[in-house]
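Let the hints inform the model, and build the full structure from the sequences given.
Chains A and B are the protein sequences, given in the same order. Residues in the first sequence are numbered consecutively from 1, following our numbering. Residues in the second sequence are numbered consecutively from 1, following our numbering.
Simulated from the structure, these hints should not be mistaken for laboratory data. A quick note: this is a predicted structure, and the numbers were derived from the prediction, not measured. We put the CB at the ideal spot given by N, CA and C, even for glycine. Hints may be right or wrong, so weigh each one.
Not close to chain A: a few residues of chain B, all C-beta gaps over 12 Å, as computed [what the hints assert, rightly or not]: (1) W92; (2) G123; (3) S158; (4) S173; (5) M256; (6) N289; (7) K330.
What the simulated footprint calls covered on chain A by chain B, stretch by stretch (three residues with Cβ under 8 Å from a Cβ of chain B suffice, anywhere in the stretch; the number is not a length) [to be verified]: (8) 461 to 470; (9) 538 to 544.
Residues per chain, in single letters:
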Amino acid sequence: MANLARGRSYSRPSWRQRHPDALWMLLLAPLAVYLLVFFVQPIGLFFAQSLRLPHFTLKDYEQALATPTYLIIIWDTLRLSFVVAACCTLIGYPVAFCLTQAERRWLPLLWGAVLLPFWTSVLVRSYAWIVILRVHGILDSMLSALHVPWHPHLLYNNIAVVIGMVHVLLPYMVLTLYGVMREIDLRYVRAAQSLGAPPVSAFWRVYVPLSMPGVTSGFLVVFILSIGFYITPALLGGGNVQMISLQIAEQINELVNWGFGSALSVILVAVVVGIVLVFMRLFDVEAFGLRSRHEEPAPHDAVEAAAGVVEAQRAASGVHLSEFVPTPNPGPAGSPKRYAGATINWRWWGTMAITGGTGVFLVVPVLLVAAMSFSATSYLAFPPKGFSLHWYAAFFGSSQWMDAAGLSLKVAALTAVMSVILGSAGALAFVRGRFLGKSAIYVATLLPMIVPVIVTAVATYFLFARLHLLGNVWGFAIADTVLAIPMVVLIVSAALRGIDVSLERAATILGANPVRAFFTVTLPTIAPALAAGGLFAFITSFDESVIALFLSSITAATLPKVMWDDLRFQVDPTISAISTLLVGVSIVLLVLSAVLLERARKRGTARL
Amino acid sequence: MKVHQSTRREFIRGAAAAGAGAVLIAGVRPGAADAAGQLVVTDPGGEWEAAASKAYYLPFQQASGTHVTFGARASLAIGQLKAMVESHNVQWDVTDLSDYLISRAGKAGLLEPIDYSSMDTAGMLKDAMMKYGVGNDAYATIMAYSTKKWAPGKGPQSWADFWDVKRFPGRRSLSGIGYGPMEFALLADGVPKDKLYPLDVKRALNKMDEIKPHINVWWTTGAQQAQLMLDGEVDLIEGWNGRLYAGITKGAPFHMEWSQGSYEWEGWVIPKGAANAKEAQKFIGYAMNAKQQAIYASNIAYGPSNQKAFSYIPKDRAALLPTYGPNLEKLFRVDADWLADHLDELTAAWTQWRAG
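Okay, here's the thing in structure tokens:
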């Protein structure tokens, strides 16, 4: 700070120095106002129904707690969500690690594997898993062909539900972890090893702690998203797995007991917020982006030692700002990209094997969906019977489908832009700022993910009816942005925590003003996290079906709404055709970006 | 589907011309006389909408000059209906609901009563004419079994048979939604079908305990029923006649057994505060017409409420419909009024049983 002051003017303290909190408040304000208007206020009004105001009675709560039924279902839901989040962490960690280590030319393929499932409708994906897991299904037949005498019952139970949900949620974990791991300065690890730490303990005591912000954020995203699931559990659990969201949706939408539905929601939200708070304590508040701005990450002894070495190296080599500006090469500038040494090659191959296996796990159901889209039958069939492009013709030939697809794309794009702007400004304030009630506001930001979507849907309906936003592009986008903001905040703050504040400081020492330092140093480093946040937001909106049911008018309906209209009657292969088209488009985009990156790299080296 | 698409395209073009204000009631075609009247109808979409547009929407528009705008809404409309009425933002003039929801919504003040005085009700089944809604089509919940396992007529004939896992071994599926198949459990336990209501929940759940370990899949959607049959996932299934039939026509080797099945009405209602309530009453009167109902029933396998419709329906088609005499006498009517008042307890009991 002293350096900063010297570099500028001596005479008067800057505005920022006089009001150190003002900047952060200013960054947070749009997010706070947005959530107050479009979330807190309508939800508050809706929750008030559980108290039956103005009469005030707690009978809905008494009813909910009179039998252990709902508590049992909440407990089952939480347990399942925990298992799903744990599985995603165990599988996602090596995958994300591998992505940071992979050769550039493999990257599009690996990213493809991770991201492809994102574009397939949850509905057809669940069906693909049924095809794989059922009796005499693909897995069963493979085991028979290999003469394995073991024929496990995998479908219509918890195992199937966990498999299906991990398949849906793994990309969230991998992207969140990647945003953090990519910024880990591997010189810390190398330094620990050169100071005598064996590779295993260097990994566990240096690399893992440095990646913890990603683990905790990813775990939280997956855990909370799992709680809201009910389509996958209903289909793959064969009705044997009860989820609390389904109960709440039934109370609100079918039995129209809004008081009781709100009471259940309030209980659920209270329990989940409690868990989140305990989680924050357990994993240290700082793991949640609430670290003060000058602390260095991971105060582990090995790291401290390593950091000393690194700082010394830096000082000796005469630091240049240009060195800090990230090149298209991922990884903090100047740090080795590859995880150290031949000594741990076996682990490298192990990681590759796990990643390959995960790739198969992620991609096979998508391939099945694609195969089923060419079926000549009027229902989902595997193996597909006959070959037909009928379902593609059905999609392109129907103004209803096309209009819905157009609307959904528009809404999803708006949602991505709005939530990235609001969410990342908020994340910056949370990670760097120091102000009163920060943790409380931070937890409040996560609420849209925790409150059951059906509650948000009904509450938003009342607000939007007054604002004339029903069946309106902006209406959909505003509502979807509320849902997407928590994910953007979580992933961007995880990435911000991972970066070395000294880089920004170095830039300011070298004469950049804080804003410029942010845009030239910090922004490029967190760009992957912003992209991932934007992608999450896009997908959240594109796949959102509950709010869409309420906000759609008969003239403007989103793609998931139209898909669900048909669900009551049949699972039409058109849905698998749409999913396949989206997968195709995303492959083209991935290949295109890979080619462009490669070209940019070549041009870069040519100039050097 | 074809008919529906062209109208939709037309009115979307119309909406674009009418400008931003036309978002909600976008049915206004440029140049259409306002005096001709408007009507906004919503339905569950899909096949249902295709059949209804051929039988009712387009012919009514032609006959009355009232312009009909139609589209799909959420499959469970009552939550949205309540939100609309309570926010004084009623966008629909007519929609359809299941009969127990009609009773429930009516009692909650969400619906306009039906004015039968100006309607021609000749041939209508009495139980279809409810205070707050008119049954358009009956759907039956019945059982179906795999003909690979049992020849038609040799499979289970009653719910007691369905429960008999020794005589009829096989993979089974029952409904997991709502309050489950409680009526069928009582029938399996020997309760006569005219003594079912009020339901003895305890007895029903005791009987459910017996079958619970033998149920492989509890289905939650209509689409799932046909899919389970087509995949050969189960040998015996409880399901909705239209869905079971769809599975059979697509190639699932199954036989439908009507004995001891139940039937319920899906009926037209008018939301409280609908902008065009008068036209809505006229439309509902029109939809009672036997000829129109016959067109409807020849496009989707649900039973017409006007018995005279059967004089326009071929025998082999009629045999698939719940309200066709020989089928109807095997079925019992779900007591919608009783259900509407006791749904909360039933759902709670069912949820508790499932969680236990």
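The hints, checked one at a time:
no. : hint       : in the structure
1   : W92        : violated (8 Å)
2   : G123       : holds (28 Å)
3   : S158       : holds (24 Å)
4   : S173       : violated (8 Å)
5   : M256       : holds (17 Å)
6   : N289       : holds (24 Å)
7   : K330       : holds (25 Å)
8   : 461 to 470 : holds (count 6)
9   : 538 to 544 : violated (count 0)
Hints 1, 4 and 9 from the list above are not met by this structure, while the remaining hints are.
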